[in-house]
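Could you put the whole structure together from the sequences, leaning on the hints where they help?
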Amino acid sequence: MKTLLQNREVLLAVLIVVLALMVGLVTHDFLLPSNLLAVYNDTSILIILALGQMLVILTRCIDLSVAANLALTGMVVAMLNSAYPEVAVPLLVLAGALLGLILGMINGVLVWKLGIPAIVVTLGTMSIYRGIVFLLSDGAWVNAHEMSGAFVSIPRTELLGIPVLAWVSVIVIAVMVHFTRQRRLGREIYAAGNNPTAAFYTGIQVGRLQFVAFSISGLLAGLCGYLWVSRYAVAYVDVAAGFELQVIAACVIGGVSIMGGIGTVQGCVLGALFLGVINNALPVIGVSPFWQMAISGAVIVIAVIANAKSERKTGRIILKKAALQSH
Amino acid sequence: DSVRIGLVVKALGIGFFEAANEGAQEAAKELGDAEVIYTGPTSTTAEGQIEVINSLIAQKVDAIAVSANDTDALVPILKKAQQRGIKVVSWDSGVAPEGRQVHLNPSSNSLIGEMNVKLADEALQATGSEKGDIAILSATPTSTNQNIWIEEMKKVLPQYPQLNLVATVYGDDLADKSYRETVGLLKSHPNLKVIVAPTSVGIVAAAQAVQDQGRIGEVFVTGLGLPSELAGHVDSGAVKSFAIWNPIDLGYAATMISYNLVKGESSDSAIGMGRIGTATLDAEGSAAMAEPFVYNASNVHAFADIF
Amino acid sequence: MSESHSLFSLRGVSKSFPGVKALDQVRLDLYPGQVTALIGENGAGKSTLVKTMTGIYQPDAGELRFGGELISLDTPEAARSLGITAIHQETVLFDELSVTENIFAGHYLTRARSGRLDWPLMHARAQQILQDIEAPIDPKTPLKFLSIGQRHMVAIARALSFEARVVILDEPTAALSHHEIEELYGIVRRLKQAGCAIMFISHKFDEIFAIADRYTVFRDGCYVADGKMEEVDEAQLVTLMVGRTVEQVYPKVEAAIGEPVLQVRNLRHPTEFDAISFDLHQGEILGFYGLVGAGRTELMQALFGVSSGVQGEVEIGQQAVTIRSPADAIKAGIVYVPEERQAQGVVLELPIYQNIGLPQLSTINANGVLSDKAEYALADGYARRLQVKAPDWREKVGNLSGGNQQKVVIGKWLATKPKVIILDEPTKGIDIGSKAAVHAFMCELVQEGLAVIMVSSELPEVMGMSDRMIVMHEGLMVSEFKRDEFSAERIVSAATGG
Amino acid sequence: MEKIMHKPLLPRVSLSYRLLSWEFFLLLITAAVFVINSLASPYFLDPWNLSDASFNFVEKAIVALPVAMLIISREIDLSIASIIALASVAMGFVAQTGAGSPLIMLAGLGVGLLCGLINGLLVTRFQIPSIVVTIGTMSLFRGISYILLGDTVMKDYPQDFAYFGQGYVYAMFSFEFVLFLVLALVFYGLLHKTNFGRRTYAIGNNPTAAFYSGINVARHRLILFVLVGLVCGLAAVLLTSRLGSTRPTIALGWELSIITMVVLGGVNIMGGSGTIAGVFIAVFLMGLVTFGLGLINVPGIVMSIIIGGMLIGVIATPVLLKKFRNRKPAP
Ligand SMILES: Nc1ncnc2c1ncn2[C@@H]1O[C@H](COP(=O)(O)OP(=O)(O)OP(=O)(O)O)[C@@H](O)[C@H]1O
Ligand SMILES: Nc1ncnc2c1ncn2[C@@H]1O[C@H](COP(=O)(O)OP(=O)(O)OP(=O)(O)O)[C@@H](O)[C@H]1O
Ligand SMILES: [Mg+2]
Ligand SMILES: [Mg+2]
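Read top to bottom, the protein sequences are chains A, B, C and D. Mapping of the first sequence onto the numbering used here: residues 1 to 327, in sequence order. Mapping of the second sequence onto the numbering used here: residues 1001 to 1307, in sequence order. Mapping of the third sequence onto the numbering used here: residues 2001 to 2498, in sequence order. Mapping of the fourth sequence onto the numbering used here: residues 3001 to 3331, in sequence order.
Just so you know, the hints here were simulated from the structure itself, not pulled from any lab data. Since we're looking at a predicted model, the values are computed, not measured. Backbone N, C-alpha and C fix where the C-beta goes; we use that ideal spot for every residue, glycine too. One thing to keep in mind: the hints can contain errors.
To be verified - Beyond 10 angstroms from chain B on every Cβ pair, some chain A residues (computed):
#: 1; residue: W167
#: 2; residue: A174
#: 3; residue: Q205
Claimed, not checked - Label-pair restraints from in silico Cβ distances:
#: 4; chain 1: A; residue 1: V87; chain 2: B; residue 2: S1269; range: 54 to 64 angstroms
#: 5; chain 1: D; residue 1: G3098; chain 2: B; residue 2: G1264; range: 36 to 46 angstroms
#: 6; chain 1: C; residue 1: Q2058; chain 2: A; residue 2: A150; range: 49 to 59 angstroms
Spelled out as structure tokens, the structure:
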């Protein structure tokens, strides 16, 4: 039975390979290692955010504010850099991650302490965070020449032939694998999402774990704030607008159950890569730009149907089971 | 009573329009009895602009000067504004003639098209090639002015046989998408020499992508952008030269035109633009402000601090 | 015994929910090395007390002493750190996680230095505990692949994975087979020997007399009595519990058996059951007996149109019917009182009268427009007849006790005037008072010409109530007994595949 | 107090009492906003201005009505704005053939209905959570609009077509606004006074028990999706008529403001509770806040901060009050 679960990820991996091969038929350069690396590099931010989002979804929540969080931290980091170019970039990255953490914690506290559904909380904070970007920057951009050389160049510096940006995502993946398998907190997140009542009975505080998940998601969004702004060498209010849906789509394609408790790091990464390959392939194979949105929509729908089919339990109709344990 | 003019932009938080507002405020100060209300929606949608225009109508402003997100969708609401006695001017990005009295083009569209092609030709020469492929990176497929300019460019292109237009792609005015589209162009057209991006978001992202792909010197980015946003990329060498009209002057002129319309100081064929001079209106009520100005390493930093 | 000897004692403990005083100044003592049975009708407050003792609920008033010390249990964690562990009435476990993880969730074992989880150790420990309770379950299997009985064993294993000093068992046997119940008794005895204080909640007196040393009786949230088991008999306990005497447990009344109303021919399902054929006659109570996981629930759900992939013929009153959904079944005159009351039977947030009216809204309000009056009138008749205990039929069903919720479900179905009513474990977790009422009610139903199918895992109940009995084993009908052929031995041997 | 987490938003008081107080609470805030607005701007208390302002939210409000029902039944639809776009594109094509307004309208409604049907079938046939399905169809439907229209615009609508989005029924009462009032009444009846509405609540509270009670849960939800699609088609008619033209970007980002309206109206996003009256008041609350802020020229993005804060604040207030009240009589 375990192999069934693994199969889904294998299936996705196979799908990605087939997709890449098909693109390779049209443009041979697509399959060059250097290009594949570039595709991975381009998907790094999506991967990192999707992993944060996965934790949140595991606890039966959703974080719609990641993109706004990224925009806000990115803007703050960029403004700091342009105002104080002498401050070391790692310190700025830290500041961004911390700010992201705080923004995530705000979401988490509202969910934990006030019990407001996550979708409502993050629907609200998503507008608030992005609004604050506007207030802070007064609508102005921070442009490439206002950023210090190191600020812009660090993510593209190559270590062992691989850009730092890609390395960061590799490290995040490794940490997440460890966290979700080997750490008490990580396992408790699964337990809390799988059955909140049971978790409570076993002394696991569901709300606190939701808080933890939001905090991590916020922290990663803060990290991505820097990565994004330096990658595109520009910060403005609309940075990453609408990106939260891509992030959620990556999780969903990767088999993370929106009902909580189910999902793996590898699935999530594959989901993000799948979108990454599509995003990078469509412009290359010269698909009309007007087709791109419909294609990615169709892909999401198909992936989700495929997931649902492989997840379907045999024999019984199992409707959504309400958490109706007596008190 | 002072003349109240609503200056409606495509969206707040875009450097170009912030600069235009500066010009508008300058005009208001110069006029003495004018007040400019600078406003716009959160994102570049027609519905958002309609909301904003609705509230300007409610405030009974004397004139509305709008850079439209949609040529047609704003027509009904602007007609209503006119019915309520409000003068309507469109500037930068126009509204269909039924919806406004005057349209102020930053420059003539054909001139902009020509300028872009000329810049591309210069960039091609800078690569040292005689002939080469060029591509266009636009904003959203629906942006009015971008589409008009691209059309104008295509009209001029036959005069430049050395330029071979291979693709037109759309970055939707999103940094990440524009970046990815540029990378796609570089990959799928190995002989590409020039990318023309007549959009300020696109040109920045394209320049960054060219730099990241290590193609500086082989491929140049040009088009329309702001000196402040492109100074860094001129320094890096990804951009040799680019053009833009002065957004401050544009905001200034749009305000002056609105004021003069309210005061009734205009004829069917001409309308004053203050210090800029007098605009000549064509049969459809459009005017052009000035020629786009070209920026390169010699002057970009001087202007980067202004807009 | 004096209070000083008790390990865990509660005094004056009260707990209210909006509108219900679940516990009113109750007292309880648990002694080391002894099993105390907590006895009371449905809604007497037993489970609420369990949750108060394990830190899930905070009492409104009263004091808790552990080993003589005054304590407060603010979180489930606090209770566990004292060695208080419980197996709750509704098994609450994690479907998606492995058996090992279900056992160790919340108190994972970690490697000392790195703080990493020690999976090999946990698997080994889980294996050990499962072996000790003779539950042959692979600790690495995800819980979702286990049967209900196996899940219960996992819950027990979980309780045993702690250094327990107080073990609370809230109706642990409801889902267990005979064999597993025997195992459980063995575990309880071992725990006793180890000096644990044990609290045992059950509605089955044979069990209580088999393993309890002491008893405490609650009635309607109040403490009534306690004492040693040797000093009471069943009748006395029942009187204490319900405040009156209950004469007969199985009021079987012979009704005239008429024409067959339901005929099932070769009903089969790809994974759950096969070759099911039987007739059900008017005025008949047909019992279905089997161990947990024998496939009875699946079969009943198939008859009710819940399952997909079912093949075979079903006739109602000589008319072939196709049942693809509960709506079809209800239309054909088959209704089903499900085993999982709260998940499948009632809508907890809706009031009693709306729950009762739900299946036949289109009959009550033919034009599609709601009429509260008509709905209330309909509900009133059945709720009264079933003696649902509630201040008003506008009360939310979620605020009722389990037994009363069950009555609402039965009422809901009777209101549809069915031909066949299927009762799946109708008295599971229901106290003896309500149980007798349900049994009496079944007799009334058959006398009115209904046909009843009763699924039950309690042999005395099936034997006491049925006119005929079908025994299932592993998805197959293994034998059929007429009432005069009933013999516990033969039935059990058939059920266990003998 | 008990610390069970899974149903945090439902204090254990009777359903009707709770909802009554929620609406009262909303009504109070709305009244307050009304007063503040009339003090803040001299232009506010002008019937024509108010009528003009209503155009800003009425189309969204109309869609909010069926979406409220859908959310009560534990589903959600994120593709609503994209359905509006696709329906509008369809109308554009029909208009191009020279067809009259009725036919154009029919095309909009039909495409809306079809989109709703697709969502509904995907959700019910494959048993996929609707949030996931509709994230996909959100891109799909709008993507199809892009494929069909590209960078062109459709504006060959007949003269009389303008009535739907620009006409007035009587004095300053616009057709849109009157239609909204009528639909609000219709949906009030549907949700609160019919079998269908009762079933919606039952499904939202416990879909399994509802199914076991003979309710065809899948069909019911399918109908709700279709209803949402149909009303999106209607909104597309209104919006297209108001704009007089169609582009694929039409109604961009509306899904979130519509869902915000519904949630602000007290509909539990987890399903099972909420009223049309609450949504009705919330619509005006949001409309008044944005219009009031617009009159004093507050930038739209600052408004969105305020709306976001209001959403959280309004939902949090009852919870906070309850916490506060419970803390006082400490034993
Ligand atoms: N969370 C709750 N909210 C409101 N009332 C509750 C809650 N939990 C229990 N009750 C009520 O408290 C009373 C005691 O319930 P409890 O579950 O403790 O009974 P019980 O003795 O365990 O019954 P059973 O034998 O049916 O399990 C009942 O009236 C029940 O309806
Ligand atoms: N592997 C499983 N996963 C989930 N649920 C299960 C599993 N096995 C059994 N169940 C649950 O247990 C119930 C009983 O299963 P089944 O129909 O196989 O046995 P049964 O003879 O009806 O036993 P009983 O009625 O005594 O529980 C089913 O309703 C089902 O919900
Ligand atoms: Mg109980
Ligand atoms: Mg069963």
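A quick look at each hint next to the structure:
| no. | hint | verdict |
| --- | --- | --- |
| 1 | W167 | holds (16 angstroms) |
| 2 | A174 | holds (25 angstroms) |
| 3 | Q205 | holds (38 angstroms) |
| 4 | A:V87 <-> B:S1269: 54 to 64 angstroms | holds (58 angstroms) |
| 5 | D:G3098 <-> B:G1264: 36 to 46 angstroms | holds (41 angstroms) |
| 6 | C:Q2058 <-> A:A150: 49 to 59 angstroms | holds (55 angstroms) |
Figure legend: structure checked against the earlier numbered hints; every hint is met.
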